[in-house]
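**Q** One line per chain: the protein sequences are A and B, in this order. Here the first sequence is numbered in my numbering, starting from 234 and rising by one per residue. Here the second sequence is numbered in my numbering, starting from 13 and rising by one per residue.
No lab work stands behind these hints: they were computed from the structure. Here the structure is a predicted model, which means the values were calculated and not measured. The reader is advised that the hints may include incorrect statements.
[What the hints assert, rightly or not] Result set (SDA-like, lysine to any residue): computed pairs, CA atoms no more than 25 Å apart in a straight line:
1) B:Lys-54 with A:Asp-296
2) A:Lys-301 with A:Ile-238
3) A:Lys-257 with B:Gly-53
4) B:Lys-54 with B:Asn-34
5) A:Lys-301 with A:Ile-288
6) B:Lys-54 with A:Thr-246
[Said to hold, decoys possible] Per label pair, the in silico range of CB-to-CB distance:
7) A:Phe-307 with B:Arg-67: 22 to 32 Å
8) A:Gln-250 with B:Gly-28: 24 to 34 Å
9) A:Glu-316 with B:Ala-90: 28 to 38 Å
10) A:Met-248 with B:Pro-94: 21 to 31 Å
11) B:Ala-91 with A:His-243: 47 to 57 Å
12) A:Pro-287 with B:Ser-65: 41 to 51 Å
13) A:Gln-250 with B:Thr-57: 43 to 53 Å
14) A:Met-248 with B:Leu-31: 24 to 34 Å
15) A:Pro-287 with B:Thr-57: 41 to 51 Å
From the three backbone atoms N, C-alpha and C, an ideal C-beta is built for every residue, glycine too.
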Amino acid sequence: DAGVIQSPRHEVTEMGQEVTLRCKPISGHDYLFWYRQTMMRGLELLIYFNNNVPIDDSGMPEDRFSAKMPNASFSTLKIQPSEPRDSAVYFCASSSEHDNRAPFGNTIYFGEGSWLTVV
Amino acid sequence: KQEVTQIPAALSVPEGENLVLNCSFTDSAIYNLQWFRQDPGKGLTSLLLIQSSQREQTSGRLNASLDKSSGRSTLYIAASQPGDSATYLCAVRYSGAGSYQLTFGKGTKLSVIP
Numbered sequence: 234d235a236g237v238i239q240s241p242r243h244e245v246t247e248m249g250q251e252v253t254l255r256c257k258p259i260s261g262h263d264y265l266f267w268y269r270q271t272m273m274r275g276l277e278l279l280i281y282f283n284n285n286v287p288i289d290d291s292g293m294p295e296d297r298f299s300a301k302m303p304n305a306s307f308s309t310l311k312i313q314p315s316e317p318r319d320s321a322v323y324f325c326a327s328s329s330e331h332d333n334r335a336p337f338g339n340t341i342y343f344g345e346g347s348w349l350t351v352v
Numbered sequence: 013k014q015e016v017t018q019i020p021a022a023l024s025v026p027e028g029e030n031l032v033l034n035c036s037f038t039d040s041a042i043y044n045l046q047w048f049r050q051d052p053g054k055g056l057t058s059l060l061l062i063q064s065s066q067r068e069q070t071s072g073r074l075n076a077s078l079d080k081s082s083g084r085s086t087l088y089i090a091a092s093q094p095g096d097s098a099t100y101l102c103a104v105r106y107s108g109a110g111s112y113q114l115t116f117g118k119g120t121k122l123s124v125i126p
C-alpha cells in the first residue's frame, strides 16, 4: 500500500497567487481529512469528507479556502488568493471505519504534508 | 471548547532512561485517544490507539494508559533510544454527533541523548 500521497511536497509562492494542494488517499478508505499545522496553533482540522461528500468544513479559515473531492481517489485544497499567514504545513489523511488491517482499527493515516510558504 | 494539552513541550533524556509523556483533555466524553509520532519533515504515524472502554494499550517498548475520569493519558517509553527522538502528539476523538474529527495536542518534542 502506497499510503496517502500528497503533492507538491514544497511550494513557495507570492502573495495573491492561487495555490492548489493535491491528495490521493489510501485505496478503500472512505474518510479524507485536510489538516493544517503551524507552530502557534498546532494541528487544526480544516475539512473532512465521507464518501466524497464534505461533512464538516467549519475549520476552513475563510472563503479564500476551498476543498473538493471529485472521486474516491483524489482531493484538492485550494487557496485563492494566498496570503503570508497561510504559510504552514498542510496534511491530508485518510481512514476507514471498516479498516481492520491496522493494529488498531480505524486508525488514521497521514501523508507527508505539503510545506507552503507564501512570501 | 474541547482542548488537549501536552506538557512538557520539550523533553531531553539520556539514552536508556524510562520516560513518561503526558496528555490531558477537558471533556471525558471521548470515543478514543491516539498517540502519534512525528519526525521532522514528515507526517504523523499512529503508535497506539486506546478505545474509551480500555485502560491501556501496549506495543513493544510503548505503553499508553487512559484515565477518562481525570481526563489524562500517559505514554510510557521504556529503555529510550536515540531513534525515539521525535515529536509525540496525542489526539482525542470525542463522542457525539459529527465527532469524527480528532483534536490534537501541540506535542512533546523528545530528544534522547546517546
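**Q** Run every hint past the structure and note whether it holds.
**A** Tested hints:
no.: 1; hint: B:Lys-54 with A:Asp-296; result: 28 Å, violated
no.: 2; hint: A:Lys-301 with A:Ile-238; result: 16 Å, holds
no.: 3; hint: A:Lys-257 with B:Gly-53; result: 19 Å, holds
no.: 4; hint: B:Lys-54 with B:Asn-34; result: 22 Å, holds
no.: 5; hint: A:Lys-301 with A:Ile-288; result: 12 Å, holds
no.: 6; hint: B:Lys-54 with A:Thr-246; result: 21 Å, holds
no.: 7; hint: A:Phe-307 with B:Arg-67: 22 to 32 Å; result: 40 Å, violated
no.: 8; hint: A:Gln-250 with B:Gly-28: 24 to 34 Å; result: 50 Å, violated
no.: 9; hint: A:Glu-316 with B:Ala-90: 28 to 38 Å; result: 46 Å, violated
no.: 10; hint: A:Met-248 with B:Pro-94: 21 to 31 Å; result: 41 Å, violated
no.: 11; hint: B:Ala-91 with A:His-243: 47 to 57 Å; result: 36 Å, violated
no.: 12; hint: A:Pro-287 with B:Ser-65: 41 to 51 Å; result: 31 Å, violated
no.: 13; hint: A:Gln-250 with B:Thr-57: 43 to 53 Å; result: 32 Å, violated
no.: 14; hint: A:Met-248 with B:Leu-31: 24 to 34 Å; result: 43 Å, violated
no.: 15; hint: A:Pro-287 with B:Thr-57: 41 to 51 Å; result: 26 Å, violated
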